[in-house]
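Residue numbers (my numbering), protein chains in the order written: chain H, 1 to 290; chain C, 1 to 262.
Hints in this document: simulated from the structure, not taken from any laboratory.
Be a bit skeptical, because a hint or two may be false.
[What the hints assert, rightly or not] Label pairs and their in silico Cβ distance ranges:
id, chain 1, residue 1, chain 2, residue 2, range
1, C, V240, H, T274, 30 to 40 angstroms
2, H, Q147, C, M12, 22 to 32 angstroms
3, C, F9, H, L33, 42 to 52 angstroms
4, C, R160, H, I54, 56 to 66 angstroms
5, C, S31, H, I54, 56 to 66 angstroms
6, H, T53, C, F224, 29 to 39 angstroms
Note that beta-carbon positions come from the ideal geometry of N, C-alpha and C, so glycine has one too.
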Amino acid sequence: MADTGSAHGVVRGRRRMAWPVVMLAPIVLYFALFFVLPVARLLVLSIWDHGPTIAPFREIFSHSEYLGIVLTTAKLAIGVTALTLLLGFPVAIYLARLSGWALALGMFLVIFPLLTSVLVRSFAWLAILGRQGVINETLIALGLTAQPLKLLYNQFGIYVGMVHVLLPIAVVTMYGVVKGIDTHLLKAAAILGAPPAQVFLRVFLPLCAPGIAAAGLLVFITSASAYITPVLLGGSGHTMIAALIGDQIQETLNWPLGAAMSVILLAVSILAFTYYFRLTKGAGTPLSGT
Amino acid sequence: MRKFSLPTFAWMVLAFLALPALVVIPLSFSSVRFFVFPPPGWSLRWYANFLTAPDWQLAIFISVGLGLASTLIALVLGTLASVALVRYRFRGRNLVYALLLSPLIMPVIILAIGLYFTFAPLGYVGSPVVIVVGHVILAAPYVIVTLMAALERFDITLERAALSLGCPPWQVFLRVTFPVIRPAFMAAAFLAFLASFDDLLIALFLGGPQMKTIQLQMWQGIRFESDPTIAAASSILMVVSLIVFVAVQAQTRRSLRETPRS
Numbered sequence: 001m002a003d004t005g006s007a008h009g010v011v012r013g014r015r016r017m018a019w020p021v022v023m024l025a026p027i028v029l030y031f032a033l034f035f036v037l038p039v040a041r042l043l044v045l046s047i048w049d050h051g052p053t054i055a056p057f058r059e060i061f062s063h064s065e066y067l068g069i070v071l072t073t074a075k076l077a078i079g080v081t082a083l084t085l086l087l088g089f090p091v092a093i094y095l096a097r098l099s100g101w102a103l104a105l106g107m108f109l110v111i112f113p114l115l116t117s118v119l120v121r122s123f124a125w126l127a128i129l130g131r132q133g134v135i136n137e138t139l140i141a142l143g144l145t146a147q148p149l150k151l152l153y154n155q156f157g158i159y160v161g162m163v164h165v166l167l168p169i170a171v172v173t174m175y176g177v178v179k180g181i182d183t184h185l186l187k188a189a190a191i192l193g194a195p196p197a198q199v200f201l202r203v204f205l206p207l208c209a210p211g212i213a214a215a216g217l218l219v220f221i222t223s224a225s226a227y228i229t230p231v232l233l234g235g236s237g238h239t240m241i242a243a244l245i246g247d248q249i250q251e252t253l254n255w256p257l258g259a260a261m262s263v264i265l266l267a268v269s270i271l272a273f274t275y276y277f278r279l280t281k282g283a284g285t286p287l288s289g290t
Numbered sequence: 001m002r003k004f005s006l007p008t009f010a011w012m013v014l015a016f017l018a019l020p021a022l023v024v025i026p027l028s029f030s031s032v033r034f035f036v037f038p039p040p041g042w043s044l045r046w047y048a049n050f051l052t053a054p055d056w057q058l059a060i061f062i063s064v065g066l067g068l069a070s071t072l073i074a075l076v077l078g079t080l081a082s083v084a085l086v087r088y089r090f091r092g093r094n095l096v097y098a099l100l101l102s103p104l105i106m107p108v109i110i111l112a113i114g115l116y117f118t119f120a121p122l123g124y125v126g127s128p129v130v131i132v133v134g135h136v137i138l139a140a141p142y143v144i145v146t147l148m149a150a151l152e153r154f155d156i157t158l159e160r161a162a163l164s165l166g167c168p169p170w171q172v173f174l175r176v177t178f179p180v181i182r183p184a185f186m187a188a189a190f191l192a193f194l195a196s197f198d199d200l201l202i203a204l205f206l207g208g209p210q211m212k213t214i215q216l217q218m219w220q221g222i223r224f225e226s227d228p229t230i231a232a233a234s235s236i237l238m239v240v241s242l243i244v245f246v247a248v249q250a251q252t253r254r255s256l257r258e259t260p261r262s
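With the rest of the complex left out, here is chain H (with noise of 0.2 angstroms):
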């Protein structure tokens, strides 16, 4: 198509770098200033105090409690993302192979709790998994239990809590997934005489693999770097990483501990983006754009 000559820049001429600079320098100056910054503000708090220094993770490494935080907090992460993961994938490929009535109702039901504040659906488990909720009452009235089991407050309720609030991501991930993959290469095996376990094992999870392991590690790192679930669930004592961050920023006021821990989630954290995007960038496994 001809360069229409136009002085405003359309995509052609010399003036092709000049447009997308503008556009994007509003954003990415706010950016770098209200996130780049304080990230970066958090690494040097926790190297810097008056000079370069290695204090705070010395003190982390250093402690048994903070250590078994840490450790706490990877233990929960990996059992709730394979339990989102062990739950979601049967779903997602249910809802694929949905369509009409019934997928609207499915999609609604994972859909819609996205749209609610993570503090909404963990407060709503402290009414049923309470000793005066909606299990306990049902297993003592229907004559299961004399005392109320002891639901909240401890590594279950966590579970439940997380579970609940990370399955929606899952599925949806997974959904798309599934979805995307080619459903001739399926027949095309059944055709050859693969029995549907086979049809299943070797070609239809290793194609959904790169999307699944996705959807796992973003399960990981939400679920690592949870403060809202835990506290209200698990209780005043401190399980996870991001309460005890909290802690140490707003009531022992210990800046640089806050922050050195910081970094390490933060190190992780980067460490599971960077294996998330080459996953969903990958070739091969076509995923959605979710």
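Take the given structure of chain H and dock chain C to it, following the hints.
Only chain C this time, still in chain H's reference frame:
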């Protein structure tokens, strides 16, 4: 061994997802202060409390105000960015794209703490401006993702036709592009508002005694003296989300029927 039924399993998981809403809404009509389910009696007192108590009214005002401000800024910044990212190819495009979307997967606690460290020494904690600053970071990615998807589907020859007929570029955007992508724009505005409205962590670390959003008010309410007003607040929030969601869906469907696409 009974055969594993995928539909049954799937619907059970979906029911699990719906459980909180099914519990919170009846609970909000409970007549007693404690979280007993099923409630022993019915009452509207918690709704009355939410709508008339001064601290809740202030929280509603603050949440809505901050939400609107954040949405406006996020829409302006995000629209410019989306158009630039979709229409142009340039070096560093992928890097910029990754940067602008990273708040979606970065732990919010890190952003909240970072902003706190930045603004606390300057004495700005408790200021609405600082909270809006943080909320825009949370909201912008949703705007960009939504608008980029719509712009990629948009038929650019419409724009070129308008340009070749002598329409200046700004008018092309306002009178040709925007009307077509308006549903996506509404969806982006909705998501941006929700990102701000539903945030707790930024408000928790950057807010103050006079600057409490609904979420922060709820958080403190749950932890320190809880009563079903929180259930009433939750139910109202859910209903509002639902209404806006349905409205945006309806707009999208109508617009897809009416306008030309490539």
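Taking 22 to 32 angstroms as the hint, is the beta-carbon distance of Q147(H) and M12(C) inside that range? holds, 27 angstroms
For the range 29 to 39 angstroms, tell me whether the beta carbons of T53(H) and F224(C) fit it or not. holds, 37 angstroms
Is the gap between the beta carbons of F9(C) and L33(H) within 42 to 52 angstroms? holds, 48 angstroms
For the range 30 to 40 angstroms, tell me whether the beta carbons of V240(C) and T274(H) fit it or not. holds, 38 angstroms
Verdict for R160(C), I54(H) (Cβ pair) under range 56 to 66 angstroms: holds, 59 angstroms
Cβ-Cβ distance between S31(C) and I54(H): within 56 to 66 angstroms? At roughly 58 angstroms between Cβ atoms, I54(H) and S31(C) fall inside 56 to 66 angstroms, so the hint holds.
Figure legend: structure checked against the earlier numbered hints; every hint is met.
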